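Novice: Here is how the chains run, residue by residue.
Protein chains: 2
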Amino acid sequence: MPYHRIRPLLFSPVKFKILQKLKKEIVVSGEEIAKSVKISRSGVWKWIKALRKEGYVIKGSTKKGYFFAGSPDRLFPEEIYKPKMRRFGKNIYFFKKVSSTMDIAKELAQKKVPEGTIVIAEKQLSGRGRLGREWVSPPGGIYFSVILYPKIPLMDVPLINLMASTVVAESIKELYKLKPRTKWPNDVLIGEKKVCGILIELACEPDRIKWVVLGIGINANTDRRFINKIENSTSIKLELKKKISVVELFNSVLEKLNREYRQLNHGRFRKILSKWKNLSSTLKKRVKIITPEGEIKGTAIDVSTRGALLVKLKDNKIKEVYAGDCIHLKKVGRAY
Amino acid sequence: MPYHRIRPLLFSPVKFKILQKLKKEIVVSGEEIAKSVKISRSGVWKWIKALRKEGYVIKGSTKKGYFFAGSPDRLFPEEIYKPKMRRFGKNIYFFKKVSSTMDIAKELAQKKVPEGTIVIAEKQLSGRGRLGREWVSPPGGIYFSVILYPKIPLMDVPLINLMASTVVAESIKELYKLKPRTKWPNDVLIGEKKVCGILIELACEPDRIKWVVLGIGINANTDRRFINKIENSTSIKLELKKKISVVELFNSVLEKLNREYRQLNHGRFRKILSKWKNLSSTLKKRVKIITPEGEIKGTAIDVSTRGALLVKLKDNKIKEVYAGDCIHLKKVGRAY
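Residue numbers (this note's numbering), protein chains in the order written: chain H, 1 to 336; chain S, 1 to 336.
Everything labelled a hint here was simulated from the structure, so no lab data went into it.
Mixed in with the good hints, there may be bad ones.
[Said to hold, decoys possible] Within a straight-line C-alpha distance of at most 25 Å, the following computed SDA-like cross-link-like pairs (lysine to any residue) qualify: (1) 297/H x 305/S; (2) 151/H x 233/S; (3) 112/S x 203/H; (4) 319/H x 273/S; (5) 271/S x 294/H; (6) 237/S x 248/S; (7) 84/S x 115/S; (8) 319/S x 150/H; (9) 151/H x 112/S; (10) 24/H x 13/H; (11) 317/S x 295/H; (12) 112/H x 273/S; (13) 317/H x 153/S; (14) 275/S x 149/S; (15) 210/H x 125/S; (16) 210/S x 295/H.
The model shown is predicted, which means the values in this text are computed figures rather than measured ones.
Take the sequences, apply the hints, and build the full model.
Specialist: Pasting the structure below:
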C-alpha cells in the first residue's frame, strides 16, 4: 500500500496547547509557554520553529515574547480537534497528500477504529467519486472521509447522502450568504454548478451495516484554472471572488454532521429530510436518471422517507428511484 | 491472519487426470497412467500413494495394474471442478480446516478474484452465521462461500438469499426425496428443523455492488451428537438414517447455483421467486420478525419482487419487511 510510506499527522496535545496559549494571549514568553505546557524552554523553541515551518505566523522571540499573527488555514488535527463532540473529530488522520482518503478510511473501518474517525487530506493523488470514477482533487479543496457504524437499516443508507449534502449546503449558506442547493442523490450545487460531491461506501449483511465510510469533497478555495478543467463545477472562492477559511468551513460542517448524524441514528430523519427538500434543486425539475436497471425520465416530485427520489413518469405513475446518476433537464412550472 | 499458516489445496490438473483415468477404466497399469497423464512411472507411484492417503481406495499395484474401489467422498477441488460451467467451480480453494470460509472469501473478493471462486472447508474453527453469530461447523457438513459480482441493484440483494435457499432445497428434494422447505429470509428446513443456513456479506456504494460473498452451510452427514447441540436443527443423514455423498450434493447445488445466478443477474427473477414460494414454509404462517427497527407480528402473505416479506398486520395493513430474524408462530387456515 503506497500510503504507508506517507505518514499521517496525528493529533499532538502539546502542539494543541501551545497554539491555544499563543492564540489566547497577546504576548507570551517562552518561559510561560514552557510552564503552562510542561515542556522545556528548548522544547518550546523547537515547537515554535516547527509551527513556523507549517505556516503559522509567530512573531517575536523567546526573550521578547511571542505573539500570534496568523495561521496557515490548514486542516491540521489541532485546528479541527473537538474534544467535546460525542463522535466526530476525536480521531483524526491528516495527510498532506494521500492516494485517497476513502481507501484509508475503509482500511481503518475494517480495523474497527472508533466511530467518527476522520481521514483528511490536502491533496489526493487518486481521489475517487461515485462508481469508481475519478474525483479531481486539486489544492484548495477540502477532502475527507468519516467512519460511521450506523444502526439504521440498509435501506436507509441513502439518507446519509441527503444528510451530508444538507449539512454542507447549510454551512455554505450560513457562512458565506451564498445560495447552495442540494442535488439528488449526493451533490451540492451553486447555480447549476457542483461545489461539493459526496460518496458513500459500505460493508454489510442484508440486515446489518458493518460500517459506512462517508466521503466529502468540497471545492472551497479551488482556483479557476483547476475548476475550469472540471465540467459544470465551481468553488466557493470563485463564487465569492475571495478566499475563505477552510478551517472555519470544515469545523462548521463537522459540527452539523455530528448533530444530524445523531438524530438520523436515532431514527429521527424527518427534520433532515425537510431541510433537504427546502434546499433541493432537483425537486420540481424534469430529470433523467441513469440506473443499473435502465434510464428513467420524468418529473422529480418528492423524496421518500428512505431517501429515494419519487419520479412522476409520462403515464402519471410514480416511480421510486433508489440510486443513479441524475441529470437535471428543466424546471417545470408547478409542483405535483 | 491465522489461516495463512493453513495452506489451501488448489486444483491439480495431474491429480484430476489420474482420477479420471482410474474411474474410467476397470484396470489400468502404472505405465498407461504415466503415458496418458505425461508423468514418470515413479511419479504415478507417488500420486497413488498420496491419493490412498487422502482416502481414495485404489487396489492393485504398478505391475498388476490399479483399479479404483472407492472415493473418500471429500470435496477436493478435483471432485468438484467444473471446466464447462461459465462461472462457478473453476477456481476452488479447499481447506481441511479453516477459521471461516467467509473471511477468506472476503479477502479474495477484495483482490478481485474471478467471479464464482469458491472457498470450501471440511471444518470451520470459527464459522459465522448472520449478524456475527457463531455457526457451529462439525465434521460431515458442507461449508462453502462463493464470490459474486452481481450487476443487480443493491435493493435486490435479498433475492440472492432466496435463490440460494431454493437451490439447496431443490437439490435435497431431487436427490433424497425429502421434503425440504425454504424459510424466509435464508434457511432451508426439513419439518421445522434447520438443515441449511445462508449468509450474505457485501461491499457497495448505494448504487453499485462491489462484491457479494454468499456463504452456505448444509448439515449433510452431520451426526446426531453434534445436531443435538444445535437448537431446532437436523441433518440429511439424520432424516434419511443413512450417509449421503457430500460430493454429489455439492455438485448438484453448484450446478443449480450457476444456472439460477445467471438468470438473476440478467434480471430474470420471477421463476426463482415462484420456485421459492412453492417451497416456502414461511408463507401463510403467523410470524414474528425481529428487525433493527423493531418487532413485527403478522401473517406472511407473500414476498415482493425484491425478496422482501409482505406481512399482513393486525390492522390489515401490509408491511414490507426487508430483513430480520423470522420466527414461525403457527400456520393460518388460508392464504390471503
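Novice: Keeping to a limit of 25 Å between CA atoms, is the pair of residue 297/H and residue 305/S held or broken?
Specialist: Roughly 22 Å between the alpha carbons, so the hint for residue 297/H and residue 305/S holds.
Novice: Next pair to validate is residue 271/S with residue 294/H; report whether the Cα-Cα distance is within 25 Å.
Specialist: Within the cut-off at roughly 21 Å; holds.
Novice: Is residue 151/H close enough to residue 233/S, meaning Cα to Cα at most 25 Å?
Specialist: violated (30 Å)
Novice: For the pair supplied as a hint, residue 317/H and residue 153/S, confirm whether the alpha-carbon distance does not exceed 25 Å.
Specialist: Measuring from Cα to Cα gives roughly 21 Å; hence the hint holds.
Novice: Holds or violated: are the alpha carbons of residue 275/S and residue 149/S at most 25 Å from each other?
Specialist: Holds - the C-alpha atoms of residue 149/S and residue 275/S are around 23 Å apart, at most 25 Å.
Novice: Hint check: residue 210/H vs residue 125/S, CA-CA at most 25 Å. Holds or violated?
Specialist: holds (22 Å)
Novice: Do the alpha carbons of residue 24/H and residue 13/H lie within 25 Å of each other, as the hint requires?
Specialist: holds (16 Å)
Novice: So if I understand the rule, the pair passes when the alpha-carbon distance is 25 Å or less; does residue 84/S with residue 115/S pass?
Specialist: holds (15 Å)
Novice: Please verify whether residue 317/S and residue 295/H have alpha carbons no more than 25 Å apart.
Specialist: violated (32 Å)
Novice: Hinted pair, alpha-carbon criterion (25 Å max): residue 112/S, residue 203/H. Please report holds or violated.
Specialist: holds (16 Å)
Novice: Next pair to validate is residue 319/H with residue 273/S; report whether the Cα-Cα distance is within 25 Å.
Specialist: Judged against 25 Å, a Cα distance of about 22 Å means the pair holds.
Novice: Between residue 151/H and residue 112/S, does the CA-CA distance stay at or below 25 Å?
Specialist: Distance of about 29 Å is beyond 25 Å: violated.
The structure fails to meet hints 2, 9, 11, 12 from the earlier list, while all remaining hints are met.
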